[in-house]
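Q: Construct the entire structure; sequences and hints are all you get.
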Amino acid sequence: MSMNPDTLLAPPDHTGRFGDFGGRFVPETLVPACQELEAAFNEAWADSSFRAELDEVHRLYSGRPSIITECKNLSTQLGIRLFLKREDLNHTGSHKINNVIGQTLLAKRMGKKRIVADTGAGQHGVASATAAALMGLECKVYMGAVDVERQALNVFRMKLLGSEVESVHSGSRTLKDAVNEAMRHWVANVADTHFCLGSVVGPHPYPYMVRQFQSIIGDEAHAQIGDLTGAMPDVVVACVGGGSNAMGIFSGFVDEPGVRLVGVEPAGGAAIGKGVPGVVHGMRSNLMQDEYGQVEEALSISAGLDYPGVGPEHSYLSSIGRADYPSVTDDEVIAGFRLLAEAEGIIPALECAHAVAWISREAPRIQGQTVLMNLSGRGDKDVAQMMKILADADGDT
Amino acid sequence: MPGLIETEFRAKRRAGRKLLVPYITGGYPGWQDAIRACAANGADAVEIGIPFSDPVMDGPVIQQASQAALEAGVTPQSVLDEVPGLDVGIPLAVMTYYNLVHHPGPERFAANLQRAGISAAILPDLPLEESDPWCAAAASHGIEAIMLAAPTAPDDRLPQVAERACGFIYSVGLLGVTGERSSLAATATDLAGRLKAITDKPVLVGVGVSNAEQAYQATRVADGVIQGASVVRRLMETGPDSVGEYVAGVRDAIDAD
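For the record, the sequence lines run as chains P and X.
The first sequence begins at 1 in this note's numbering and counts up one residue at a time.
The second sequence begins at 1 in this note's numbering and counts up one residue at a time.
If you are wondering where the hints come from, they were derived from the structure by calculation, not from laboratory data.
Since the structure is predicted, the reported quantities are computational estimates derived from the model, not experimental observations.
Backbone N, C-alpha and C fix where the C-beta goes; we use that ideal spot for every residue, glycine too.
Just so you know, not all the hints are guaranteed correct.
[Said to hold, decoys possible] Simulated coverage check for chain P against chain X, where a stretch passes if three residues somewhere in it have a Cβ under 8 Å from a Cβ of chain X: (1) 12 to 25; (2) 29 to 36; (3) 178 to 185; (4) 188 to 195; (5) 279 to 286.
[To be verified] So, partial list: chain X residues that the calculated Cβ filter (under 7 Å) puts toward chain P: (6) T75; (7) H103; (8) E107; (9) L148.
A: Pasting the structure below:
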């Protein structure tokens, strides 16, 4: 299959690769399910009635289109012009709903009765539980034991929505292990269960499919920023764990050569910054691993970015120099979290505070530029954790 | 030309013997003695698990053994370094996950296996479509690339898997991960029967063959069985001697008519 040279948004090749990244490294048991999903997605995505149904649910349920907010106070403070794409205002509080509405509509179309999902911060779990309730599907969510503890509110939300939440005690007991356990569950229940993966990761077609479902962010933002400023932004910024919110907004601008794309990784989970290509969770992509290829644990303040891998399309965009992937430290993230709250009255998710932190650090070098940041989730879920962090910090002084 | 495992397994099958391949987690305390106990009690080959951080095809028992080995500092090379000293007189295979092959590169990994005296490798997260680089590297170092066939495979996929497989075909016994079950799934004998109908390569059932009786049932259709979690659980609970006793019991069961 040939790539369309005019766009970086072409589907991956027939092996599911973007350049050298992606593929389908799954147990034989799952190959037919991946093939079935690929065919079903391609057929649905090309079907105007499916797209119309998806658009209607987004309009009447998710709350789309999400608005763009100009941050006038912070812009003055930093010497840039800063806009936020407000995915935090979506139903369930993050961009994750874009993907799960798409996947659950598809699961129903495929005749599946149940979905199984992985979750880190719990945002994808909550979104999956929500969509499952809406669509009349059963839902089981795997969540690392460490995350169950630090995101207790989201665990309760999922249960309120009628989902089963299973705490994962293997490995690092975070997102990576939740994905492993969800895959094991899928292997055992593949006939009637759809694996509702939460990011642009996993075996083909997931990275492509999830990017397509998230591309609504970039499509809207491209039109909105044009209307607001009469031009394209200089920089588009998003945080990157697996990378779905970043791929969502990048997809609107990747074919605009003048727009700089920046994906901000946590210093403790910098798959592109510190990893090398490896194979885990069904894909070949950048991966933090030791000298033998054992996958290393990510260590980040934010459960949603606590992931040692990254979506293969990000590895590809990095490899061709189209996007940059700097990293920020937990301390910078805490400062970024407070900065947006105090300057704009917006409490960001800790994940998005990574993007704020980079913008604040980079500001002296991008004076006068227009910056569009994807605010992919709201910070309500992180308030208890921040309360503890800030109390400890005050206690230290 | 068939490798050591396929050659031996075909000869034993011709002689009317059912094949028994226990799995032992490499690096878990007592693993070398457990392998010797398997060999002394009727195993035809042993599958050595090289512990990986993210074993998606393994259930709780083998996960726990792998994690304990990793926490004790076991590496792929530290396991392979011990292999020449085992001297058990039966072929040895490794079972691990593809990233441990991809990281050094298929060529170097295959060379490392060859140097250690390993005959074959099983990579359960490497499906047919992604297997070219590994199979080429394995072939060039005389390593038999054992392929897995799954119960979900449509009829047109099985001949492709069989064609590609070296050593034997690993017929996955059920929809799920490794671990003991109270009964043998119907899928185990169904798939083994489908494979036997299209290939003369040895067909062994693994995943969910949990005791001597289930091994007997599976070998009424298949050429042999792989025993994983039931062996590793005994190694963890009661040590290498109990592994030997268990393997002897399975041997007796599958030898019965």
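Q: Now look at each hint and say whether the structure bears it out.
A: Cross-check of the supplied hints:
1. 12 to 25: Held - the segment 12 to 25 of chain P has 4 residues with a Cβ nearer than 8 Å to chain X, which meets the minimum of three.
2. 29 to 36: holds (count 5)
3. 178 to 185: holds (count 3)
4. 188 to 195: With 4 residues close enough to chain X, the hint holds.
5. 279 to 286: With 5 residues close enough to chain X, the hint holds.
6. T75: 5 Å, holds
7. H103: 3 Å, holds
8. E107: 15 Å, violated
9. L148: With a closest approach of 5 Å, the L148 of chain X hint holds.
When the structure is compared with the earlier hints, a violation turns up for hint 8 alone.
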